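K.L.:
Going line by line, the protein sequences match chains E and W. Going letter by letter, the first sequence gives residues 1 to 484 in our numbering. Going letter by letter, the second sequence gives residues 485 to 1093 in our numbering.
Don't read these hints as lab results, they were simulated from the structure. Remember, predicted model here, so these are calculated numbers, not experimental data. From the three backbone atoms N, C-alpha and C, an ideal C-beta is built for every residue, glycine too. Warning: the hint list may mix true and false statements.
[Said to hold, decoys possible] Simulated pairs of lysine-lysine, BS3-like, Cα-Cα distance not exceeding 30 Å: (1) W/K853 with W/K1013; (2) E/K25 with E/K98; (3) E/K370 with W/K509; (4) W/K853 with E/K416; (5) W/K547 with W/K686; (6) W/K936 with W/K638; (7) E/K416 with W/K686; (8) W/K1036 with E/K458; (9) W/K509 with E/K458.
[As the list claims (entries may be wrong)] Non-contacting residues of chain E with respect to chain W, defined by C-beta distances greater than 10 Å in every case (computed): (10) I12; (11) R24; (12) A33; (13) L35; (14) E52; (15) I54; (16) D443.
[Unchecked claim] Label pairs and their calculated CB-CB ranges: (17) E/E274 with W/Q1028: 31 to 39 Å; (18) W/E933 with E/I459: 53 to 61 Å; (19) W/L940 with E/I40: 53 to 61 Å; (20) E/Q207 with W/L681: 30 to 38 Å.
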Amino acid sequence: MIIDLIVLIPIIAALAIGLGAEGRKTALGAAGANLILGVIVIGELMRRGGEELIFETSTVILENPKLTLGFAVDGMSGVLVLLTVIVTFCAVYISPEKAPDGRVKLYHISPLLISAGALGAFCSTDLFFLFAFHELALIPTFLMIGIYGHGRERLAIAWKITIYLGVGSLVLLGGLIALYSNLTSDGFATFKIAELTAIAETMQLDQEVQKWIFLPLFLGFGILVSLFPFHSWAAPAYASAPTSVAMLHAGVLKKFGLYGILRVAMPMLPKGFEAWEGLILVLLLGNIIYVGLVTISQRHLDRMLGNSSVMHMGYAFLGIACVNHIGWNGAVLMMFAHGLSIALLFALCGSLRERLNTLELSEIGGLTSKVPFLAVSFGFAAFASIGLPGFANFASEVTILFGAFNGAGEVGNLQKAAILALWGVVISAVYMLRAYRNIFQGDSTRGLTLVRRDSLNKIPIILMIAVLLLTGFFPNLILSMLPS
Amino acid sequence: MTTAFIILLLPLVAAASNLFLLRKKANLSAYVSTLSAAICLVLTLGLIRQSDLKDLGSFNWIKIADFELNIGIELQGLGLGMILVVTLIGFLIHLFSLGYMREDAGKARYFSGLSLFMFSMTGIVFADNLAMMFIFWELVGVSSYLLIGHWYHKNTAAEAAKKAFFVNRIGDFGFMIGILLIWGAFGSVNFVEIEELLRNGKYDAGLLNWSVFCIFCGAIGKSAQVPLHVWLPDAMEGPTPVSALIHAATMVAAGVFMLTKVLFLIQVAPTAASVIQYVGAITALIAALMATQQNDIKKILAYSTLSQLGYMIMAVGFAGLWIGGESLGESASNAGFFHLYTHAFFKALLFLGSGAIIYACHHEQNIWKMGGLIGPMKITSITFLIATAALAGIYPLSGFYSKDAIMTVALNKPILLVIGSFVAFLTAFYMTRLCVVVFFGKARSWSAEEAKEVPLLMLVPLLVLTIGAIFAGQTFSYSWFVDPKKIPHPEGVLPFILTAIGVAGIVSGFFLYRGRDQEPYPVQVLAKKFYLDEIYIILVRIFQDAVAWVAKQIDELLIDKLLVRGGARLVTEIGSMLRGMQSGNLQGYAFLFGVGVILVLYIINAAIG
Chain E
1 MIIDLIVLIP
11 IIAALAIGLG
21 AEGRKTALGA
31 AGANLILGVI
41 VIGELMRRGG
51 EELIFETSTV
61 ILENPKLTLG
71 FAVDGMSGVL
81 VLLTVIVTFC
91 AVYISPEKAP
101 DGRVKLYHIS
111 PLLISAGALG
121 AFCSTDLFFL
131 FAFHELALIP
141 TFLMIGIYGH
151 GRERLAIAWK
161 ITIYLGVGSL
171 VLLGGLIALY
181 SNLTSDGFAT
191 FKIAELTAIA
201 ETMQLDQEVQ
211 KWIFLPLFLG
221 FGILVSLFPF
231 HSWAAPAYAS
241 APTSVAMLHA
251 GVLKKFGLYG
261 ILRVAMPMLP
271 KGFEAWEGLI
281 LVLLLGNIIY
291 VGLVTISQRH
301 LDRMLGNSSV
311 MHMGYAFLGI
321 ACVNHIGWNG
331 AVLMMFAHGL
341 SIALLFALCG
351 SLRERLNTLE
361 LSEIGGLTSK
371 VPFLAVSFGF
381 AAFASIGLPG
391 FANFASEVTI
401 LFGAFNGAGE
411 VGNLQKAAIL
421 ALWGVVISAV
431 YMLRAYRNIF
441 QGDSTRGLTL
451 VRRDSLNKIP
461 IILMIAVLLL
471 TGFFPNLILS
481 MLPS
Chain W
485 MTTAFIILLL
495 PLVAAASNLF
505 LLRKKANLSA
515 YVSTLSAAIC
525 LVLTLGLIRQ
535 SDLKDLGSFN
545 WIKIADFELN
555 IGIELQGLGL
565 GMILVVTLIG
575 FLIHLFSLGY
585 MREDAGKARY
595 FSGLSLFMFS
605 MTGIVFADNL
615 AMMFIFWELV
625 GVSSYLLIGH
635 WYHKNTAAEA
645 AKKAFFVNRI
655 GDFGFMIGIL
665 LIWGAFGSVN
675 FVEIEELLRN
685 GKYDAGLLNW
695 SVFCIFCGAI
705 GKSAQVPLHV
715 WLPDAMEGPT
725 PVSALIHAAT
735 MVAAGVFMLT
745 KVLFLIQVAP
755 TAASVIQYVG
765 AITALIAALM
775 ATQQNDIKKI
785 LAYSTLSQLG
795 YMIMAVGFAG
805 LWIGGESLGE
815 SASNAGFFHL
825 YTHAFFKALL
835 FLGSGAIIYA
845 CHHEQNIWKM
855 GGLIGPMKIT
865 SITFLIATAA
875 LAGIYPLSGF
885 YSKDAIMTVA
895 LNKPILLVIG
905 SFVAFLTAFY
915 MTRLCVVVFF
925 GKARSWSAEE
935 AKEVPLLMLV
945 PLLVLTIGAI
955 FAGQTFSYSW
965 FVDPKKIPHP
975 EGVLPFILTA
985 IGVAGIVSGF
995 FLYRGRDQEP
1005 YPVQVLAKKF
1015 YLDEIYIILV
1025 RIFQDAVAWV
1035 AKQIDELLID
1045 KLLVRGGARL
1055 VTEIGSMLRG
1065 MQSGNLQGYA
1075 FLFGVGVILV
1085 LYIINAAIG
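Model the full structure from these sequences, guided by the hints.
P.N.:
See the structure below:
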């Protein structure tokens, strides 16, 4: 029940706003309620361990093929639910009362629907609804970018992401259909993920079959996570999106693809992965090294953050490619850590955008004395993002790297990829500290002065930093919920 | 909670409370940090006296089935000396900072950074496994970044902090690879366990050599060895007490300490070990050469630090040398560590002395603008001169004994012995140049004319350190680190030769620089530090910025325009054929898109079912 509630609350709140309830307050109330429920769920998962699905509900919609609308969480879903409710709360919290054009409804409904879509996707026990909920979350994303996005190109960008993610979803859909139809046995077809996994384990599809189902699944999910070379939608979309949407998409929704790979593709098609391992290692290095270099040459803060978020996805893919629980759990921890840190960075970036007329790095300088809280927070966020010990990001990166070298007596392909991927820690230090130095340090007379007053809400910022630190000091809080 | 954990965590608590609670109460924050440093020192002294140092505590940080990373404490052998250096010198520098940073606007931030550093450095010393060492290794890096950039509004300080962090990250890149190789081969990162496994199993020599080399990269970064030495001189942009603590006595020595912790690996990796020896020797030589032509008092000391670190690294590298079936092993690394120990005292003293001088001379750092300071600043000058003599290796000061131990080890490779001796001469030479110019002759600027002795609060640390600089080499402390059976307390001709080299350096420095008002023998290539900074800037421009620029162009042109927009155009073409359905706004499109997808799904589903 409690999971149904978590998915329903944002939808109900969105409806209420549509019917005339006060925008920001309703949204904040719903997000706050969800935050509490999320913490309760996590508490229960910690108590019971996250191996089994708990709080399961289901309503049968079709008998054969078996289609059920139902929700449940295990450790992995639970971690992502926690991420979603925290980021939603923070995103709603920092949203202003009214949209720039004075409208209220759509502006506050959209983040709630994105959140509901993400929660539904992470908690669905049914493959069909896993897919459908993610689609639901994309629609408000497009709308918000198209209508309230920044810059003259926002419509073009909204179109670009629509087409891009649409194509990604389509490829994914193809893969899912192929998967589903191959896992039909004795005339019994089912969409239920747990049942599909069990069938896949007993049926043992041919390597060749697995190989060709795995590819569209991986690419489809991959496009949604901005896998190289299908990443070019991400940076402009995040740069243009309103702050709350950038936080929610980069922080939460993008993790759907990784979740799908870990939930569906890897357990059901293990041999499919083996067939494409080499390609996948190359692509993830594309994310880390190539996109990392692209990030270095960005001149605007928002674009830089967008690219950095693409880059870090490479580490999550690396964790997945370890094909052991160390790497996989590291990848889940990475999703959690990255989700929080990128949401935090976009929140701070949004606050800077509000106060300055530009985000061009070379035109800003020495802001520390003028916005001390923002400067310190940005420092925390930047160090989290470049993987400093003490933050969850570091714990996840280390876990992934150890996963890659687990039991490796010699240096194989995976280990070589991990070594190259490590160079990414140098690259990310370069662009982050360069940006920090440009914006906050140095001569304060250089560059632009602030045009507007400090209106940054401190509570969500502190909350996100605190969670990053807590899970960085005690990563077992998260890891103990994951299967091992 | 064990005592050791309290020593570890107390500074973290102080740092956090300073940063989050006491930002506006600068004086209180300074006392909180200093008090925490004092308590740590007392607890450490108690800990060292304990005979049984087992079960100091362990905390499980990461656990996934059998895979565990722990924050566990191990303290024995050289670690005892190291923790003493860290807490003792750390405390003295807190004390000195109370005076030096009295007027600073960012005092709370400064002491917060100092406490964070104490936490991180203690963690390195306590680490019982490589992963934990790496964690604190990185944290030391960030506290150094914060403290170098303390005066962040100065462009030079901001740049120097950034540079230090980058260069260290490059070293850490190698360090992490080394740790991962070890983890892959042994399935453990715990020092004791690896040593055990190594003793009982056979391991691929090539892999071991590579692992040790990669781990050594971490030391190259943190201990500022060639070719990653370029950050340390720039790091002198930080407040001088920071230079004394972090960039002379402790953090930069962490690389040496880390190598002594993996001694058993170096012993079985002779190729990597000789790389270590040569890197150390070359650093010692190059840095000493550069030091002879610097004019900034702190820069001279910085290059001197580099050079002495080179000595230590070289000595530790000898652990991998096998003579007659026996490895030099511990005696070599202990000699290196012993120099770390004595150096910590006299170099911290030199830096604090320079801090006192800079403080008295209204933040003048150019030695050619000073002069005659022995008049007004008697105590500072005398302590500085004693430290100089110790650094020059004059009998019977501490530096003499440790340098002697290193030279005894170096006897095994004549070429390195020659380099080492020449560096010893250069050391005495450039330090004498500094002292002659700064303390003697006449004042060369108004700031030197007005200089007067610093307050008592700053003199106390100088005096305490002077005691260390004089006596740290005596038998009681010598035998703590060096096995007198392997390397006897100096006897025979070697001590005379060493002292003679030192005296030769002093005499030549004295006569060449006596009475001069400017550099009489400018050597551009040394003053410009072999143009290495310039070369690196060019390399970064080519290999990073230019490549990054190309990547960005590819991203925008090829991937974005061709691949994506090409695809997009196809879709829009199709779209324009369906223009009849166009409803004219984005909501409509998006709605249709969603409905469409769900519809398609349903139809397919029904068809298959």
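K.L.:
Run every hint past the structure and note whether it holds.
P.N.:
Here is what the structure says about each hint:
no.	hint	verdict
1	W/K853 with W/K1013	holds, 22 Å
2	E/K25 with E/K98	holds, 11 Å
3	E/K370 with W/K509	holds, 19 Å
4	W/K853 with E/K416	violated, 54 Å
5	W/K547 with W/K686	holds, 28 Å
6	W/K936 with W/K638	holds, 27 Å
7	E/K416 with W/K686	holds, 23 Å
8	W/K1036 with E/K458	violated, 35 Å
9	W/K509 with E/K458	holds, 21 Å
10	I12	holds, 19 Å
11	R24	holds, 21 Å
12	A33	holds, 26 Å
13	L35	holds, 23 Å
14	E52	holds, 17 Å
15	I54	holds, 21 Å
16	D443	violated, 6 Å
17	E/E274 with W/Q1028: 31 to 39 Å	holds, 35 Å
18	W/E933 with E/I459: 53 to 61 Å	holds, 56 Å
19	W/L940 with E/I40: 53 to 61 Å	holds, 59 Å
20	E/Q207 with W/L681: 30 to 38 Å	holds, 37 Å
The structure fails hints 4, 8 and 16 (numbered hints given earlier, in ascending order).
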